[in-house]
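Colleague: Here is how the chains run, residue by residue.
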Amino acid sequence: MTTESEIYTALSEIFSDIFNRDDIILAPELTAADVEGWDSFRQIEIIIACEERFGVKFRTKDLDTLSSLGRLVNLIVEKTG
Amino acid sequence: MTRIACLMTDNMDELLLRPWLLHHGYLFGFESLYLIDHDYTSQAVQDVLRDFAALGCNVMSGRTANELSNHLLAEGGVDVVFALPCTDFLALLGSNGITCSRSAINDEVARIADAKELVEVQWALENWPGYLDAFRYVQVPFWISARGAEVGAKPGTTTLLSIRLRYPPLLAQGASYGLLAEEKIGATEAYYGDQRGYAAATLRYRGIWRQLAAMMDVGELERQWQVGRPANLLEDRVVWDLDAMPFSPGAYLAANPDLTTNSNLDPFAHFVRAGIFEGRRYNVSDEAAAKMFTIFERLRRVTRDGVAGYVGLANVCHAARCLAEGEEVLRQGVIQYGETAKLVFEFALIALYRQNHSDSIDRWERFIALAPDRPEGYRLLATTCRQVQDFARAEAVLGAGLARFPNDIGMLISRIDLAADCADRSRVKQLWFQLLQKFPDDREVRRRAGGIATFLGAWDQEQTSDVKVEEYRGPVVVDMADHEIEVALARLGFSDTSEMRNFFLQFQSLGSSCEFGLVQRRYGAEPISLLRWNSINPTNLIRGLETRFEALDEPGNLDLTVVRREFILFDRKYSMAMHTFTMEGAVERDKFLAQQVKRAKYLCGNLLADLEEGEKLFVYIDETEQPHSEIARLGRAIRSYGNSTLLYVRVTSDVAKTGKVELGGEGLIFGYISRPGRLSSGEWNIDFQNWEAVCVAGAKLWKSVAHNDLTAPPARLSNSAAST
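Here the protein sequences line up with chains A and B, keeping their order.
Residues in the first sequence are numbered consecutively from 1, following this note's numbering.
Residues in the second sequence are numbered consecutively from 1001, following this note's numbering.
FYI, nobody ran anything at the bench for these hints, they're computed from the structure.
All figures in this text were calculated on a predicted structure; none of them were measured in a lab.
Some hints could be false.
To be verified - Some chain B residues judged to face chain A by a derived CB distance under 7 angstroms, without partners named:
#1 Ile-1528
#2 Tyr-1602
#3 Asn-1606
Glycine included, every Cβ here is placed at the ideal spot set by N, Cα and C.
With the hints as extra help, turn the sequences into a complete structure.
Modeller: Below is the structure:
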């Protein structure tokens, strides 16, 4: 099982790679609207990176419910648990 | 005063003969009209000839048009002579548009006489089958000769043209239109698909018919063709249902006496064949399609040529827009008779029509191997490669073809088109002048001159003008204002926007266009899926589903192309075009392509998983009036994954149906909206409330029937009573 803390650390690297920025503060309430350039295309990049990094598979139904970063982290916890 | 002789050459159609005589008699006087009576057996034709002879028309026997024309100019005291078939009505393209003005036409004919010219009338405005008031320019040249014209001189030009009536049923439809003295046709009224300007081959032209239609026996036309008047004159097409087309062999034989002299021709087969040429369609129901096949089984027996039978049947399927069936017919033909050049040619062509480009390319290559002495194989292979934007391959094919057929004008022109595709202006120019130099008098080369010149001119304008080419402005905004959200929530019965969003997330678009993606956006749903911002036709969608979109991410299959400054991800195998919403120049191309390929592969996997899970209602919008058989096939392709259901949405002018749904078969629900989501100008014009109703009713029906219990409602859409 991966802990939330480990997930945030990994996500920090993923976001840094995808957005080319190191200043995004990852928090559970963070949403796409808070980060410039976080559109549906970036979203897919994030998802693919998460799948590769954590060895999980998201279903479309999961993606539909991704309203915030906290929700993504919870999903990863559920799937790696 | 100019003495004019207007000859009618042929086609003494009994419905058109009288209006032709009235129209041209009005223009030039009945004594200027010359008709050659080829011993027509039709009593109606004989009656008209007799009536008009009494009015002064010259009705003659035993003459040919050429011989009569030469005679009239040499010895008949005639200044100008020309010949027109019964289907063509002389008109003039004046500075204010097309006119049938007597004085304007006579002035132009007098000018030709004074100039002692031989002029070529190059164009006719021909009906566009299926559209009530649409015409297209077609090249149907005829000559106007003036007495004293220099033999061998370069032909002069004229503003005269003809209106060609190729589609008699339209005349009945057009009866209520008015032929105005002058009607302006501007560039903005010329359409070809979504294009405007020089490329426009179709003209929508209102109001041309009053004068002509008033002279026709409209009642007879209506009786004969049983035309229903669609509610929407601009967009609806006329559809004839074979079942509603009574056929009496006895009456048909009586109306077509030539049939009785040809014992090999089955009257019904003749009727159907004639119908195809006239644009009747038989694809409105499975029963009609089945009947069509029965007819052509008979045709095949009548023609006694196996290969020709298969090819003929496939052509009929094509005319009926049953392309899948046509392809299957040809496949069976190949099994039966082997790969003959004729069958393989048609097999490749129908794949091209179906936009099944990869199969088409394979078959063109096969055709070239089978018939190396036929240049059309190279031409069409190059065309197919151009359609999938494989320009390098098209260039190679044309290079190989031209090495073998250096003077094939079609291929030389295709090479120019290819250069235009690649926006290589200097090459277009170079190849064009080479072609002009080589074939200065060729009709096809001259026909293309305007288009090429305009292409070069338009390019110049684009490069030098201050007016910028339209920039891509990002995704369309369809969001609702706050008060609209309140109203929508109340209308739909949702307590908050989250509930509304989740409702619209139940659906997944299967492409066709971005319309449903925009519908979802309006209600706050932004699902991530392969086909939401994707354009794919039904044939390729079926193929993709049947093959699980195999090889989608194969190297070279996906590529980026630029449309209105936006990168579009183009797939060669299934001819999908996917928005990226990313502007050219904003990203590094190769890196971006690699990302897009990865993304497409990922989303494809998700789509297939969703299809297997059956927890989404898949939506496809019919933009091309697919036959029922094709829709059923799409439904089966979806059903092959599991218990998924297809909501197949069609446009209807039947107000009783709009916003409603009905069962269409196992895993298939039909939904109806009132109008296409996009105007011909390309702007969105979505009827959101209609979509709301369809989605609500569709979801309700989907859930009210257990997925695996969606069995066999009435096969025929029109008979279904399962409306919700």
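Colleague: Decide, hint by hint, whether the structure agrees.
Modeller: These are the hints, each one checked on the structure:
1. The restraint placing Ile-1528(B) at the interface with chain A holds, with a minimum CB-CB distance near 5 angstroms, inside the 7 angstroms limit.
2. Residue-level restraint check for Tyr-1602(B) holds (minimum Cβ-Cβ distance to chain A is 5 angstroms; threshold 7 angstroms).
3. Nearest Cβ of chain A to the Cβ of Asn-1606(B): about 5 angstroms, under the 7 angstroms cut. The hint holds.
Every hint from the earlier list agrees with this structure, and none is contradicted.
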